[in-house]
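Peer 1: So you can see what is in the structure, the chains are spelled out below.
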Amino acid sequence: MKIVIAGIGKFGDYLTRQLAKENNEITVIDINFTGKEALINNEDVNNIEGNALDVKILEEAGVQNSDLLIASMKEDSENVMCALLARKLGVKNTIARIRRPEYIDSLNMIKEPLGLSMIISPKQLTANQIAQTLSIPSAIETTSFFKGRIYVISLKLKEDSKYIGQSIKEISQKLNGNIIVCAIEREDKIVIPNGETIIQAEDKIHITGTRKDINSFLRYGNLIQDKTRQVMIVGGSDISKYLANQLADTDMKIKIIEPNKEVALELAETLDNVLVINADPSDEQTLFEEGIQETDAFVALTGIDEENIVYSMFASAQKVPKVITKINHINLSGITQMAKIDAVVSPHKIAANQVVQYVRAMEKGKSSSCESIYNFGDNIFEMIEFKVKEDFKGINQKLEELKLQDDTLIGAIQRGKNIIYPQGKDEIKLNDTVLVICRNNKVKELNDMIK
Amino acid sequence: MRAKITLNFIGKVLIGMAVLFTFPIFTALIYHENILNFIIPQVISLIVGLLLNAIKYEKNSQIYARDGLKIVALSWIIISLIGALPIYLNHDAPYIDALFETVSGFTTTGATIFKDVEHLDKAILFWRGFTHFIGGMGVLAFVMAIIPLSTKNKSMHVLKAEMPGPSVSKLVPSMKKSLAILYGIYIGLTVLEIALLKIAHMPTFDSIVIAFGTAGTGGFSVLNTSIASYTTMAKYVIAIFMFLFGVNFNIYFLVALGKVKEALKSEELKVYASMFIVAVAIVVLNTVHIFGNTYKAFEEAFFHVSSIMTSTGYAIGDINVYPSTSRVVMLVLMLISACAGSTCGGLKISRLIICAKSIKRNLIKQVHPNAVQVVKFEGKKVSEETIENTNTFIFLYVALILLFILIISFNGYNIETTINAVFTTFANVGLCFNIQNFQEFTVLSKATLCIAMLLGRLEIFPLVSLISDMRKE
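Keeping their order, the protein sequence lines are chains Z and S.
Here the numbering used here is used: the first residue of the first sequence is 1, the next is one more, and so on.
Here the numbering used here is used: the first residue of the second sequence is 1001, the next is one more, and so on.
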C-alpha cells in the first residue's frame, strides 16, 4: 500500500513506524526534518522536505499514485486543506487528524463533500478509552470488540486473590466455560495460556467475555470493586472536556482541578454537571481538601507527562482505587512501569492504532477484513477482530484440528447474536466475527493464523 | 552488545560474496581451468558467513550511524582479503600484490600490478572484471537488494555509508525496490554495452569483461594494450558508455519515468557535460600538432577525457605523449571526477558545486555582513549540515592526498609520478603517467595505496571512524 504522511509530529512519527512495520511504502513530508533523522534513518521510508500544502511537494511525494494520504500537521485547517488538495490530485483515500473539539462535529457534517475518508481525533479516542475503563473499575484497561458486545479487560491479581494457584482449566470449569483468559503478563513476559497454565500472584491477566460474564468472573474471584462514583480529573485539557461530556450521562460526580483561571472559567462555562476547581494540584493540600482520599478514580490529564506521572504516583499512595495517567511520549512507558502506574493511556498510540486498522481494512482481496485492533503488553501483542469471508481456509473445521501459529489464540467468536467462547470442538463459520490474540504483525489476515 | 548486529550483518555480506564466486567458477568450467582457486574462497566465505549470520543479536538493538560506518568499512576490508585469494592461489602474484589487484578491482580503480595480463587464466581475467562490476554499485547495496532483511537491517545508515555522494536518497520509499531499480539500470546499461561491443566486432569474452570494467568505471582490461587494439567503433562505444556511467543514476530513473525534461534540468548533469566538452576541447587544441590531424586528436582526447573524468582508466594510446597542459587538465579531472550517485570515484561534481556555492555565500557575507543567503542545489535548499559535511570532506580529501604523497615519495619516483600515483588510486582512476603498472612499488607503498583506494571508494568517513573506534577500544 502506498501511503503519504504529511506532518511528522509525535503522532506522525509513531504512526509511520507502525505502518512501516507492515511493509507499506511510505513517503513522509515535513517542513523540517531536523531532529527527526532517527525516523528516516531507521525506517524504510522516503522523506520529502517541504510544505505539504504545496502541490509541487505533494506531487513529488507521489500523492497522485498513492492509496492513502494522512494529514497530521499542527493545524486542523492545514490538515483539511492538505487532504482536499491530495484528493484533487487523485489519492484514493484521505485521513485528517483533528484536534480541536469544536471542529469535529462541523467536519463530520461536511466529511463526505470534502472526500475525507476518516477524521481522526486522538483526544476524543483517548477520552472514549478512559470512559470505558472507568465503567469497569476493577480493570486496569478495558477495550471492547464486536461493536461493544464483548470486552477485554486486564487486571492484576494480588496475592490474596482466589484465582492464584488455580489452572486456567479449573477457573473455566467454575464459570461454565463462559470466560477466556487470553494472555498473562508475567515479569516482562507475555504468556498465551493453555488449560494447564497456573495463575500466579502479581500476574496481569487479560480476559475476554461479555459484560455479564466478566462480572461473574469478578464476583466469583472477589475482585469486584464498588462502582465509580467520584472522579477527580487533574488538568483542564481538551481530553478532560471530552471525558466530562462522555461521563455526563452516567451518575459519576466529576471534579476537574485546573490551575489556570481562564481555562477553569471556560471549562465551567462549557461543561454542566462538573465541578471545576481553580487551584494548584501540585499542592498536596489542594488534593486533600478536594477529597483525594475519598475519590474512586483519579485521572491525570495535564499537558506534561512528568506531572501526570507524579500526580498519579501521589494518588496511588493515597490508595485511590483507580488511577489513569495520560502519557504523550510513548518512550516513557518504561518509567511508568517502574512507578507502578498501571493504567496508562497514550493518545498517539490509540489514534495510530485506529489508522493502522483502517489501512489493514483497505487491503482488499483477503480472506478476512480487519475490523478492530488493540495493542497491549508494550506493543508486543495485539488483539484483532476479523470478519470471516469465503476464502478463509479453516471454515467449518474444528478448532482442535486447525493448526494455529505459536502464541496465537482465538478469544471469542460472534455468530449472529450469540457469543461463543471457543473450545476445541467449536468451528469457525462463514460470516462469523472472530477475535484473534497474537504477536504484533503476525496475523494480517485470518489465514495467517494457521500454520 | 551492538557488535553482534554488526557481525551478523557482515555474515550476510559474506554469504552474498559466496554467491558471487559462482560466476568465475562457471567461467573456469567453460574454459577448463582450475576451479579450486575459486571454490576455496567460496567455501571460506560461506562458512564464515553462516557462522556470523548465526549470531543472535538482541531484539531491540538497532543499527546506528556508527554501526553503519563500521559495517561498511569492515565488509569492504574482509571481501578484499577474501577476493585476493583466487589470484594468490593461482600463483599469479604474491599475496600483497593479489590484494592490491583485488582492492583496485573492488574500488573500481583499475590500477594493476601485472606487467602482462594476456597470459592470465580467463577465469582470473573474468574475476578482475567482475570485482569492478560488484564494487561499482556497492557490495552492501547488492546484499541488501537480494538477501531478505528484517526491517532493522534496512538501515539507511549502511546505505549512506556505502553510496557515494554528499546526500543519499531513495528513489522510491522501499529500500529494496530502490536498490532493485538502481541495479536494473546498471545491469541494463551493461547488457546494452556488451551488445554494442559485439556489433563492433569484439570477442564475446572481451566485451563482457570490458563492459564490466566500464560499468563499474574500473579499468581492468584483457589485453596489455588496454583498448588500443579494438575497432574504432568499439572505442567510441566504450568512451560513450564511460561517460554514461558517470551520470547520476537518478537521472536514468527520471528518464525511465518519462520525465526527460526534469532530468535534463539537473544542475550536476549540466556542469558535468560542460566540463567534459571544455576539457576535450582543450586537450584537442593542445595535442592536434602531435597527432597531425584533428580527427585522431579528437578520438584520443574524447576517449581519454571520458576515461579519466569518470575514473575508469582505459587507454587507447600512449598518454605519455601528452604535453603539460593536457596532463594538468587530466590531473584536475581525476580529482573531481563525475556525478554523485554514479559508479565513479573522486570528489564528485555535486560536492564541488555545493562547496563553490557556500564559498560564494561566505564571500557575499564579507561584504554584506547581514545578508541572509541560502545555498541551493538542484533547486533545493542544501542543509547546513550537508554543507559542513561537504567542506569537511573536501578538507580531509586534500589532507589525505598530501599524507599519501609523502609516503609514496619514499619510492624515489619523480614528483609528477608520485603525485599522479596518489591521485590515480585515491580517486579510483587507475591510469598513471610514466608508469605502466604498480608492481615495482614497495610493499609499504602498495599497502598505503590499498588504503588510499578504499578511502577513496568509501569516501573517507567509514574507514576513519573505524580507525578512531579501534583506538578507543
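Hints were generated in silico from the structure; no laboratory data involved.
Even for Gly, the Cβ is constructed at its ideal location relative to N, Cα and C.
Hints may contain errors.
One side of the interface only, derived from the structure: several residues of chain S facing chain Z at Cβ under 7 Å [what the hints assert, rightly or not]: (1) Ser1061; (2) Ser1167; (3) Lys1170; (4) Met1175; (5) Thr1294; (6) Ala1297.
Peer 1: For every hint, state whether the structure bears it out.
Peer 2: So, going through the hints one by one against the coordinates:
1. Ser1061: Since the shortest Cβ distance to chain Z is 11 Å, the answer is violated.
2. Ser1167: Result: violated, 11 Å to nearest chain Z Cβ.
3. Lys1170: Holds: closest Cβ of chain Z sits about 5 Å from Lys1170/S, inside 7 Å.
4. Met1175: holds, 5 Å
5. Thr1294: violated, 46 Å
6. Ala1297: violated, 45 Å
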